[in-house]
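So the sequence lines, in the order shown, correspond to chains L and R.
In this text, residue positions in the first sequence follow the numbering used here: the first is 9, and each later residue adds one.
In this text, residue positions in the second sequence follow the numbering used here: the first is 9, and each later residue adds one.
Errors might be hidden in some of the hints.
Which copy is meant is left open, because identical chains are indistinguishable; a pair holds if it fits in one copy or across any two.
Claimed, not checked - Here are the simulated DSS-like cross-link-like pairs (lysine-lysine), alpha carbons at most 27 Å apart as the crow flies:
#1 Lys100 to Lys65
#2 Lys226 to Lys321
#3 Lys122 to Lys243
#4 Lys197 to Lys266
#5 Lys122 to Lys103
#6 Lys118 to Lys128
#7 Lys365 to Lys65
#8 Lys114 to Lys226
#9 Lys115 to Lys146
#10 Lys266 to Lys301
#11 Lys320 to Lys226
#12 Lys371 to Lys243
#13 Lys114 to Lys65
#14 Lys226 to Lys118
#15 Lys65 to Lys320
#16 Lys40 to Lys266
#17 Lys114 to Lys197
#18 Lys226 to Lys371
#19 Lys103 to Lys301
#20 Lys100 to Lys365
#21 Lys243 to Lys146
Since the hints were made in silico from the structure, they are not lab data.
The residues making up each chain are set out below.
2 protein chains.
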Amino acid sequence: MSKERAYNFSAGPSMLPLPVLEDVQANLLNYKGCGESVLEMSHRSAEFKEILADAEKSLRDIMNIPDNYKVVFVQGGGTLQFAMVPMNLAVKSGKIDFVVTGQWAKKAYKEAEKLGFDAKVIASSEDDVYTWIPKITKDDIRPDADYVHICFNNTIYGTHYPYIPDTGDIPLVADMSSCILSEEIDVTKFGIIWAGVQKNVAPAGIAVAIIREDLLGKAPADIPTYLDYNVHVEKDSAYNTPNTFSIYVSGEVFKYIKSIGGVAEMHRRDVAKATKLYDYIDNSDYYRCPVNKEDRSLMNVVFVIGDEAVEKKFVSEAKAAGLHNLGGHRTVGGMRASIYNAMPEEGIDALIEFMEKFKAENK
Amino acid sequence: MSKERAYNFSAGPSMLPLPVLEDVQANLLNYKGCGESVLEMSHRSAEFKEILADAEKSLRDIMNIPDNYKVVFVQGGGTLQFAMVPMNLAVKSGKIDFVVTGQWAKKAYKEAEKLGFDAKVIASSEDDVYTWIPKITKDDIRPDADYVHICFNNTIYGTHYPYIPDTGDIPLVADMSSCILSEEIDVTKFGIIWAGVQKNVAPAGIAVAIIREDLLGKAPADIPTYLDYNVHVEKDSAYNTPNTFSIYVSGEVFKYIKSIGGVAEMHRRDVAKATKLYDYIDNSDYYRCPVNKEDRSLMNVVFVIGDEAVEKKFVSEAKAAGLHNLGGHRTVGGMRASIYNAMPEEGIDALIEFMEKFKAENK
């Protein structure tokens, strides 16, 4: 990594793999000699259609997505997904069951309520500041619920589902924005998996949704065209002009992951990075991670010192040392190191070295 | 312009100003030495907040946007705007009047109808394949309409409003996707001006909306959060993660336009380019422009030869000669040269030279 580039621990948008960035840069004025930048490319051109088809194919490859699941790239981020999922899926009873494991899961719940659906929180760890993941069983779910929503990795609180809830015949919908492609996932356990790409994949501006096809085509006729998944499916994510550049970079990242050995190898690296950092924190007498051990995230490592002023100093001195965005979410404080796929292990080493130095100077 | 880069006449996404592209490329791994690419930058970081504030300020500057208009950058393109405008504005009578001057105006009308509003076409040139712009007066508008929608430049048909309709107290909403920043506009004549940026500004993935503030805050409580303009206004276009990169490039293009002398100078250049091309076509005994002279677009120049097979040959040989995307929209055929702000005059010269050569070889 170039010495001038920082280690960016932002919760998202965040780092991209350097080889991908360098390739994007090299092709920025003239993509593979075609005479145009991808930034300028018609979404109806043969060149872009190939980029789009390749991106989908690469994602299907590395996630092992079965043929009966459709893949779409949609703008509007998680916030629009919070509306799209109920508008497309809550079409029988209108009942939706939510497991609330953090702010984003709660926002999904609140949005369904705002839209007039019968939304119910069936489990929550809010009383413990979301430091653990509730374990639900089929008995917790209303038998006529249209689907169950979970947030598989909770960016703010540093938690992650250590299991896939068994919801029986009721579709399970998972927001995987902050963990997609960090572990092998059995897609068939889910009705919909969706993820904003800006954390673990590509520049902000699209969410990818992976949808079991029997759930499609049931949305009421009077919802906005853009919010109907089936419109995006039928037009291969190009009903209207898509976010062409973000789709392009996503595809490059998918291919990059494949080139290093796929999601299994990515996961091995992510486990190595996270283990190193959690071990350092757990063995420290200065830093502390408040999260239940078995529910800890590989992607977002939260830790505290216990003194707000010292924590602010930590974040500010870290930035000066080239370790960016280590502050916890503005609603919880403390520190958070988001160590997504693109964070190299050297970034973890640099962070631990800084933590040691800071401890020595401030303890 | 580098010899290797093509002249891209795509209707959008389309060319970007080369100096902007080169600057974006130079900063792609490390934006102004901050250690991060804009592609990786947290939307909550000081660096990005400055980029966002600068982009808005520059747009206000070059468009002379009064303080009582709010500016937001929203994902989802024109298709989402087609839903957002009625959901936010058609809140009294639910009546919306449309002037249908092409496919996009018609889509806006159809979307309002789909959403259950009382949508009415008050004028249309559909019977003449949209080759002219109907002139409406206040008498054509329902007195209790919540707003009137027009499409100010019609990309597919190469037409443009030669006047701003007087709608009295009823807000006028204009889709300016394919002409924004190509002419000086009196913003105060409009309730909302919106534009997808992918034609005349920046890479695809945002629409910019300029909204008179008294129209805000009236949307019903049960619409999707993302579709409420006021949510974007109150959070300065960062309620959720925005399309950071497209906002950044938009800002760079706004500054570029300012640097060359503002929208007035941009317009002078656009008029010079379009005049040169229309004059050539009108004086030709081989090519013909079907559009009513006073309604012609400065941005999208449509022309025909009159023989489908020869027109296909034209488009294909032009591409081989480095003149890309000259085919007319798939629904109308013929040819279309989209000559947005970023198309240099040399591109027009190269096109005319090619047209002469093609005529000599095929007439």
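Subject >> Numbers of the earlier hints that this structure fails to satisfy, in rising order >> reply: The structure conflicts with hints 1, 2, 7, 10, 11, 12, 13, 15, 18, 19, 20 and 21, although it agrees with all the remaining ones.
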